[in-house]
Structures are given as structure tokens and as C-alpha cells.
Amino acid sequence: MSKKILVVDDEPDILTFLGTLLRKNGYDVCEACDGVEGMKKVLEEKPDLVCLDLLMPEKTGIKMYREMRKDAQLKDLPVIMVTGIEAAEPWEFSGFHKFIEERSIPKPQGYIEKPIDKELFLKAVKEVLSE
Amino acid sequence: MARLREKWTALASSLGFRIALSVGLILLGSYVFFVYLVLDIQQDFYFERMLREADRFSTAVINATNHSMLHDDPEATRSIVRDMGKQEEISDIRIYDHVGVIKFSNQLAEVGTKVDQKAEACFVCHSEDKPFSEVLTDKRTRVHYHDGHRVLGMITPVYNKPRCYNAVCHVHPKEQKVLGVLDMGMSLKGFDSHVRSLVLNIVLLGFGTFGAVLCTIGLYVTFRVHRPVTELRNAAMKIALGDFSEKLVAKSKDQIGQCAWAFNLMRDQIRRRTRELTRSREEYKGLFEQVPCFICVIDKDFEIVRQNSYMRELFRGSTGMKCYEVFKKRTTKCEDCHVDVTFQEAKASGKEHCGLKVTGEEANYVSYTTPVVDNKGQVIYAMIIAVDIGDRVTLQRALEASKDFQTNLIESSIHGIVATDEHGRVNIYNVAAENLFGYPAQEVIGDPDLGKYFPKRFAEKILGPHLGRNIEEPRLVAHETVVTVREGESVPVRFSGFILFDQRRVVGAVGFFQDLRTFKKLELEKQASDRLAVVGQTVAGLAHGIKNILTGLEGGVYVVDTALEDEDKQLLQRGWEMIRNNIGRVSVLVKDLLSYSKERAPEYKETDPNLLAEEVCMLFEIKAKEKSVIIERDFDPNVGKMLKSFLDQRGIHTCLSNLVSNAMDACEADTKEVEHRIVVKTMQDNDGNLLYEVSDNGAGMGEDTKRRIFSSFYSTKGSRGTGLGLLVTSKIVAEHGGAISFESKEGAGSTFSIVLPASRPSKAFSRDATARDQENRVDKTASEASMLPGSQADA
Numbered sequence: 659m660s661k662k663i664l665v666v667d668d669e670p671d672i673l674t675f676l677g678t679l680l681r682k683n684g685y686d687v688c689e690a691c692d693g694v695e696g697m698k699k700v701l702e703e704k705p706d707l708v709c710l711d712l713l714m715p716e717k718t719g720i721k722m723y724r725e726m727r728k729d730a731q732l733k734d735l736p737v738i739m740v741t742g743i744e745a746a747e748p749w750e751f752s753g754f755h756k757f758i759e760e761r762s763i764p765k766p767q768g769y770i771e772k773p774i775d776k777e778l779f780l781k782a783v784k785e786v787l788s789e
Numbered sequence: 032m033a034r035l036r037e038k039w040t041a042l043a044s045s046l047g048f049r050i051a052l053s054v055g056l057i058l059l060g061s062y063v064f065f066v067y068l069v070l071d072i073q074q075d076f077y078f079e080r081m082l083r084e085a086d087r088f089s090t091a092v093i094n095a096t097n098h099s100m101l102h103d104d105p106e107a108t109r110s111i112v113r114d115m116g117k118q119e120e121i122s123d124i125r126i127y128d129h130v131g132v133i134k135f136s137n138q139l140a141e142v143g144t145k146v147d148q149k150a151e152a153c154f155v156c157h158s159e160d161k162p163f164s165e166v167l168t169d170k171r172t173r174v175h176y177h178d179g180h181r182v183l184g185m186i187t188p189v190y191n192k193p194r195c196y197n198a199v200c201h202v203h204p205k206e207q208k209v210l211g212v213l214d215m216g217m218s219l220k221g222f223d224s225h226v227r228s229l230v231l232n233i234v235l236l237g238f239g240t241f242g243a244v245l246c247t248i249g250l251y252v253t254f255r256v257h258r259p260v261t262e263l264r265n266a267a268m269k270i271a272l273g274d275f276s277e278k279l280v281a282k283s284k285d286q287i288g289q290c291a292w293a294f295n296l297m298r299d300q301i302r303r304r305t306r307e308l309t310r311s312r313e314e315y316k317g318l319f320e321q322v323p324c325f326i327c328v329i330d331k332d333f334e335i336v337r338q339n340s341y342m343r344e345l346f347r348g349s350t351g352m353k354c355y356e357v358f359k360k361r362t363t364k365c366e367d368c369h370v371d372v373t374f375q376e377a378k379a380s381g382k383e384h385c386g387l388k389v390t391g392e393e394a395n396y397v398s399y400t401t402p403v404v405d406n407k408g409q410v411i412y413a414m415i416i417a418v419d420i421g422d423r424v425t426l427q428r429a430l431e432a433s434k435d436f437q438t439n440l441i442e443s444s445i446h447g448i449v450a451t452d453e454h455g456r457v458n459i460y461n462v463a464a465e466n467l468f469g470y471p472a473q474e475v476i477g478d479p480d481l482g483k484y485f486p487k488r489f490a491e492k493i494l495g496p497h498l499g500r501n502i503e504e505p506r507l508v509a510h511e512t513v514v515t516v517r518e519g520e521s522v523p524v525r526f527s528g529f530i531l532f533d534q535r536r537v538v539g540a541v542g543f544f545q546d547l548r549t550f551k552k553l554e555l556e557k558q559a560s561d562r563l564a565v566v567g568q569t570v571a572g573l574a575h576g577i578k579n580i581l582t583g584l585e586g587g588v589y590v591v592d593t594a595l596e597d598e599d600k601q602l603l604q605r606g607w608e609m610i611r612n613n614i615g616r617v618s619v620l621v622k623d624l625l626s627y628s629k630e631r632a633p634e635y636k637e638t639d640p641n642l643l644a645e646e647v648c649m650l651f652e653i654k655a656k657e658k659s660v661i662i663e664r665d666f667d668p669n670v671g672k673m674l675k676s677f678l679d680q681r682g683i684h685t686c687l688s689n690l691v692s693n694a695m696d697a698c699e700a701d702t703k704e705v706e707h708r709i710v711v712k713t714m715q716d717n718d719g720n721l722l723y724e725v726s727d728n729g730a731g732m733g734e735d736t737k738r739r740i741f742s743s744f745y746s747t748k749g750s751r752g753t754g755l756g757l758l759v760t761s762k763i764v765a766e767h768g769g770a771i772s773f774e775s776k777e778g779a780g781s782t783f784s785i786v787l788p789a790s791r792p793s794k795a796f797s798r799d800a801t802a803r804d805q806e807n808r809v810d811k812t813a814s815e816a817s818m819l820p821g822s823q824a825d826a
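The listed protein sequences correspond, in order, to chains B and F.
Heads up, the first sequence is in the numbering used here, so the first residue is 659 and it goes up one at a time.
Heads up, the second sequence is in the numbering used here, so the first residue is 32 and it goes up one at a time.
Since the hints were made in silico from the structure, they are not lab data.
Treat each hint with caution, since some may be false.
[Claimed, not checked] Subject to a maximum C-alpha distance of 30 Å in a straight line, what follows is the list of computed DSSO-like cross-link-like pairs (lysine-lysine):
#1 K698(B) / K703(F)
#2 K698(B) / K737(F)
#3 K703(F) / K654(F)
#4 K721(B) / K636(F)
#5 K656(F) / K721(B)
#6 K781(B) / K733(B)
#7 K699(B) / K703(F)
#8 K699(B) / K737(F)
#9 K578(F) / K776(B)
#10 K698(B) / K636(F)
#11 K682(B) / K578(F)
#12 K278(F) / K38(F)
#13 K149(F) / K208(F)
#14 K699(B) / K578(F)
#15 K38(F) / K721(B)
#16 K698(B) / K407(F)
#17 K284(F) / K316(F)
#18 K364(F) / K388(F)
#19 K578(F) / K662(B)
#20 K117(F) / K220(F)
#21 K781(B) / K578(F)
#22 K208(F) / K145(F)
#23 K600(F) / K781(B)
#24 K776(B) / K600(F)
#25 K636(F) / K712(F)
#26 K712(F) / K658(F)
#27 K682(B) / K117(F)
#28 K662(B) / K721(B)
#29 K658(F) / K698(B)
#30 K600(F) / K662(B)
#31 K600(F) / K661(B)
#32 K765(B) / K704(B)
#33 K721(B) / K654(F)
#34 K551(F) / K658(F)
#35 K728(B) / K737(F)
#36 K578(F) / K765(B)
#37 K661(B) / K784(B)
#38 K776(B) / K733(B)
#39 K699(B) / K220(F)
#40 K578(F) / K784(B)
Note that the structure is a prediction, hence the values are computed from the model and not measured.
Work out the full structure: start from the sequences and follow the hints.
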């Protein structure tokens, strides 16, 4: 049985792209366009992995990630952070680090920068799913 | 015995006794002498009389016997002698012949006997062998005892007279001088008895008189001298013991009485003086103890002899301790001892000291030392009077510290400080002021030409009171002005000046000058660096935007590839749409970028603001209908009529378009089941300020969004926004010298306002706008909603 992956991103293009990429590589994919919908889908679909965009309207990836980590059911659910934030933008990057460090939140299992490299993304997914 | 001696001593020392004794002795001596003299005179007188009597009697016998002798009648002679011898006073009578044979005598037995010429009675005349023919009466007498009483014997020679040697008998030759001697003895019994009774009487009388006089003198001396003197002495003793109760009674008006009166006067005086002395002593004692300074008396060994309570409490020293032990808690004399001077030169001296209190705190005092001299003028003590100046020293130190602090503060201030005294002369001019103005401090201090340093307005304030004007506002705060320095350069400064008062009296003024040269330079540099930062942020944002577009394009390409591979037509359509959308995004981005970055010179024209707003509303009308949004117009018909508006039409059109477009998006994003509407409003106030307001009842903004709409490239529209719309809007508003602000409530809607100040068109307008806005920033506290040029956001 193929693994189910939830992709959460506010940009429909990214959802289409990642959905197509993952389906092509044999995964079941479900999609959400913001954090609120993402949380709903996580609980409904019970995915094996969540690919989470860091910056989104309504509920950001950071908030959603924190909620998941607080939830007893979801706290061990693997997460790959997908974001346009790079090390070249340290104020944002370190902000995230500071955020998770200050609250003693475990780090996400994977981290992928935009623009998304297909090979790297698939490699990260495989690694996180221990395939 | 001892008591007796004591009494005798007391008696011997008493004046009365001494007077009485002296007077008595003198009196006694005088009496004895007087009695002796009287007796002697009396005795001599009576004896003389006796002698004369004896002489007369002898002469009478010789004369009586003369006749019988001449007649050679011995019987008659014998009879005469016998009869004479019978007289009571006559103890014996005899007549010798010239050879010493007794021829006649009342004592018959001795008749015919011869006497020795050496015998006592004969010796007077016969001392030189031959008889003395004429001897003096007193030589012829002698006194001898016979039958227990004294007898006066008298020899009377019987001289050979012519009648004798011429007598017929021729018995006596002519050359014979003395024929014989009559020796008569007169009894002195009666005389002696009389003298004895006389002596007795006189002695008795003398003693009686002496006793009476002595008693009188004794009583007088006792009552008039001894008693008053004793009373005087006892009273004096009482006074000596401090008892002033006894008052002497002046019983007489003599010198003793006067003495008692004088004594009472003296007693009263002494009592008064003593009371005064006691009172003043008490006062001085009280003063000594209570005076608010410490006093002590020290001897030549520097040992404390006396000290007052203040000192005792302060230093806890006791008498007998050395002064330096007490004052300074040291074991040796102070090197700078000024008490030494007092002892050696008998001079007062004074000095400030710092000792140690018993608590271990410093005791600061000024001590004055005065010499205390004895009768010979030798300094025996030194009196130290010291005033505690601890508070003064503390205050002085605090004042000095405060002064130092203030001086340091003033001197090290990076701002120029110039202050004047009450006469309007410069008295403070710090280093920063020296650096600013360039005049050396020594030239400026005391300078009355205040216009040289202070702004004219403030200099007039300072000089106002001197010209009899009231100061209405005693301060001038943060006033940006220009001062002319020594080299003639005009230097921009921020000036704050204050008139200084002391109880409503003007005591000076102070001015603070902040040199704005560096600040202005930094401001320019900051503007440049801000510009660079904006470029950096823009580039970063741009890269982010492009990256997203690139991701979309790459994704689209992958989706298209997959669709072609799988021959999935639907997927192919989606992939192609992705590519097209992202190319469109590139197009919009480039347009916005151009519009933001393009240095287009604004073209100010007299414009009808309502017409401009109407154009924008018209432009969005169709799109609004598609999205079921109503655009309402709330135009003030007077706008642009009373006061003309000069606007850059294209710029303001873009601004309003952006705001209406944002409002439309907010309405579209809102999930409320209401009729969404956008209100475009115009207003103009009397000053000509123009207000555009675009409100919607869309989704509104959360606090997070409100904070972040100013961040560059922030967009809530995902792939549809560039994050540059509000940035462009604010740039245009800033060019007009206006401001943009907003109010928003999540779920209720937002209102964006643009205020454009009334201003005549000017070529320099665009350039001045930034500077003017800078001033606005100082005057107005930027409200949360203030959107100032330089801030970038796109909601």
C-alpha cells in the first residue's frame, strides 16, 4: 500500500506541481491551501508525511507545525518544511529556529528550499519515510 | 589644762583684753611713778622742814647757851641742855669741846667722855685730819636708829666769836676757830609715822583710783570695743562661711558703730555681689554645659581638666585623659598642635580640625583656644571652644561634589552650554560651546553681548526684565535655528533656552546648543543608506518573487511534461495554465517595479479631485459587478471649488486604483454573507488639505497583517500580488507632501485615507517633500496608522 502525503501550500501552482510529482512517484496525495485546512486534512486523511509551507496566510506553517507537535496523536508525524526562506535571509531563518528552540519544539524531519529541486525533494521524502 | 590654755589664748588675742592690759599697765606705771614722785616730794619737803627746824633749834640752843657760856656758868648751860633734852622731839643733845669731850649732855652718863674723830658723826668735818670750820647744813646731818626709831642727828659747830676770845676769862684764844660742837638728835618717829600714813593714804588712793579707772576702761572696752568687735568678727566669720543672715545692730554712733554700719553695708554688697556671682556662675555653668559647641579646659600636660556635656557625649572622654586621645584617638601629640602656641605665646589661636567621634565617624570642628592665666600672668590652662562644623563640612563636600559633578556635566556635555548671570553677562561657556562658536572662553566670560550667542528671540527674553518687560514664556524648547560662529559660518543647531528664576526673581538664563552639523550630515548619509537598504530589500524581495514564479514555471513545465508522457489532457491544461499564470505574474511584477523605480517627474495640474475619483470608480465598475461588489461615491461637491487642487493626475489615479483594487480583493476574500461595498470619499478643509478615503466592509486585517503591510513584498494575495502596490501608493503620496493612513478591524473592513496638503505647484515641490515630511515627523507623533514615505507595504 502506497504512503499518503499531505501537501500544504497557499500557492495552487505548488500544490499542482508537488501533487503531480508525488503521484508520479507512487504516493497518495492530498492537498490543503492553508494551515486551517491543513490541520483538518491531517486529522481526516491521517497522512504518513506532511509537506508544509512555512509562510501562508490564515495560519502559517509555523503555527500549524506547533499545533501538530502539541497534539499527542500527531506529535510524531513526520514533517518536511518547504519554504522560500534561505540562509541568505537570516532574519527569517533564525526567527524560525529561535521559535522552535525557545519552545523546545522538536525540529522537523526534513527541510526543502524553493525553488524545489525534484530529486532532492523525492530523496528527502524517501529518507523521512525510511524507504 | 588645755582648755584653760585655749581660753587664755583666746583672751590674750582679744582686742579688749589687750587694750585693757595695755591701758592697765600704763596706768599702773603712771600711778606708781606718781605715787613715788608725790611721796618723794612730800618726804623731801617734810625732811627739809625737819632739817630747818633742827637747824633753828640748834641755833636756838647755841644762842641760849651763849650767855651762860660767856659767863662761864656751866650750871646754867647744863640746865638749858637738860631742859632742852626734855623736849619730846629731842632724843639726845650734847655739846662737845674742841677736842671732842662731851661737856654737856641730857644724858649725864656720857658727860666727860671723848668721842673718836673717826666716828660716823665726826667724819664729815674731820675727814682731812683738821676740823672743817664751815660745813653745809645737809652735810652736818645724819640719820641713825635709836631705840627702834629713826633719829636725825645734826652737828652744829660753835664758832669763836670776838665776844668769846675777848671775854675776860680768856679761855679761848683768838685763833681758835671752832670752840665746840652741838650735837643734837631729833627723833624722826613722828615724821616717819606721818610719812607712813601719807604713803598709805596715797597708795590706797592710787590703787583705788587705778582700780576704778581700770574697771571703767575695762567695762568700756568690754561693752564698746570687745563685744562689738567680737560680734563683728563672728558676723565676718559667718559671711566667710557664706551666711549672710546676720545683721549687726549699730548701738552707738562712734567709730565702732560706724564700723558696724559699714559692715552691714559691706555685707549687703557682698551678699548682692555673691548672689550675682552665683547667678552668673550658674548661668556660665549652664552656658558651659548647654552651649551647642564643645568646651574643655586643658592643662600644660594636655590633660583635660574640665569639659562640657556636649563634648562628653561627642567624644566620651573623661577628665585626666589627654586631649589628643579624646579628640583624635591617638597616642601622641598632634604635629600641628595649636594649643602649644597658646601655652608658649599666651595667645588665642584657632584652627579647623578633623577628629574622631566615639562612633568612629569623622568629627569636624573649628577650635578656638584661649589662654587662662594666673595672678602672675603665667598661662596655666588653655580653654578650647570648638564648634561642630560636621554638617557644614558634609554640606560643603556635597556642594563641592555637586559643583564638580555639575561642572563635569557641563564641561563634558556634548552640547554647547552658555549661561548668563543676573546682570545678563555670560558666566558659563563650556568646551562644546567653545568648539561650536570658536570664541575662546576667556573672551566670552563676562561678555554682555548676548545676541552673539543666543538666538534673537531668546536674547530678547533674557534682556526683557532689564528693559522692564515681563517674561511671558520663560523657555524656548528644541528650537531649530542657525547660529553664526566666529569664522562667519552659519551652523545649524537645535536650541533650548530657559530663563532661570529664584523665587520669581530672574537670576540668569541658560542655553543648550546641539550642533546639528554632524546630525545633518548623518541624516544625508542615512537617507543614502536607507536608499541602499531599500535597494537591498527590493532585490531580496524581487528574488523571492521571482523564485516563486520560477517554482511555478518549473512546476508547470513538469506538469506539462508528465501530462504529455501520460497523455493526460486535463493535466496538460492545468500545467499550461500554470505556465501562463506565472508569465502574467512576471509581467505585473515588472510593471509595478517600473512604476516604483521610475523617476518620473510629477506633473502638477489644476485638477478636479472628484473627477479623478470618478474615473477610478468607473474603471473598477465592471470588475466589481462580476464580483458582486458595489462601489459607492461620497464626493464633496465643493472640493476643488473654493480652493484649487494641484495634483499629479496619473500618480493620484494609480494611488486610488491600488486602494480600490485592494478593497475589492478584501471583499472577495471575505466569507461573510453580506453585500460588500466600497465607499470612495472626497473632502477638502478650509486650509485646502484634500482627503481621499477608500473604505470597504471586506475581510479587514488581523494584527499580524496590520504590522506587516509595511514590510517589503508582503502580500496576502499569494501568487496574485507583487507586494508593491502600497509601496507605489505611498511614494506618490509622499511626492505630494501628503500622508497615508489606515484603520482596519478583522472581519469588519478597512479604511485607507490619503491626505494631500494644499500647496501651490512648484518645481521644487517634489524635492522639498521629503524635508517637509521630516518636520512633520517631529511635530506629530506618528500614529499607528501613519504611513510615511520610505515605508513600503502592499496590502
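Holds or violated: K703(F) to K654(F), with C-alpha atoms at most 30 Å apart: Holds, because 20 Å separates the two Cα atoms, which is no more than 30 Å.
So if I understand the rule, the pair passes when the alpha-carbon distance is 30 Å or less; does K721(B) with K636(F) pass? Violated, at roughly 50 Å.
So if I understand the rule, the pair passes when the alpha-carbon distance is 30 Å or less; does K600(F) with K781(B) pass? Distance of about 29 Å is within 30 Å: holds.
Verify the proposed pairing of K699(B) with K737(F), using a straight-line Cα cut of 30 Å. Holds, at about 29 Å.
Does the alpha-carbon distance linking K600(F) and K661(B) stay inside the 30 Å limit? With a Cα-Cα distance of about 26 Å, the restraint between K600(F) and K661(B) holds, given a limit of 30 Å.
CA of K284(F) to CA of K316(F), is that 30 Å or under? Violated: K284(F) and K316(F) sit about 44 Å apart, past 30 Å.
30 Å limit on alpha-carbon distance, applied to hinted pair K278(F) and K38(F): At roughly 27 Å apart (the allowed maximum being 30 Å), K38(F) and K278(F) satisfy the hint.
Would you mind confirming whether the straight-line C-alpha gap from K578(F) to K662(B) stays at or under 30 Å? Answer holds: K578(F) to K662(B) is near 28 Å, not above 30 Å.
With the threshold set at 30 Å, check whether the alpha-carbon distance from K712(F) to K658(F) stays at or below it. holds, 21 Å
Are the Cα atoms of K781(B) and K578(F) separated by 30 Å or less? Given pair K781(B), K578(F) holds - Cα atoms ~21 Å apart, limit 30 Å.
Assess, step by step, whether the Cα of K117(F) is no farther than 30 Å from the Cα of K220(F), and give holds or violated. Given that 30 Å is the threshold and the Cα spacing comes to 16 Å, the pair holds.
Does K636(F) pair with K712(F) here, judged by a C-alpha cut-off of 30 Å? Status holds; Cα separation ~21 Å.
Checked against the numbered hints above, the structure breaks hints 4, 5, 10, 15, 16, 17, 27, 33, 34 and 39 and satisfies the rest.
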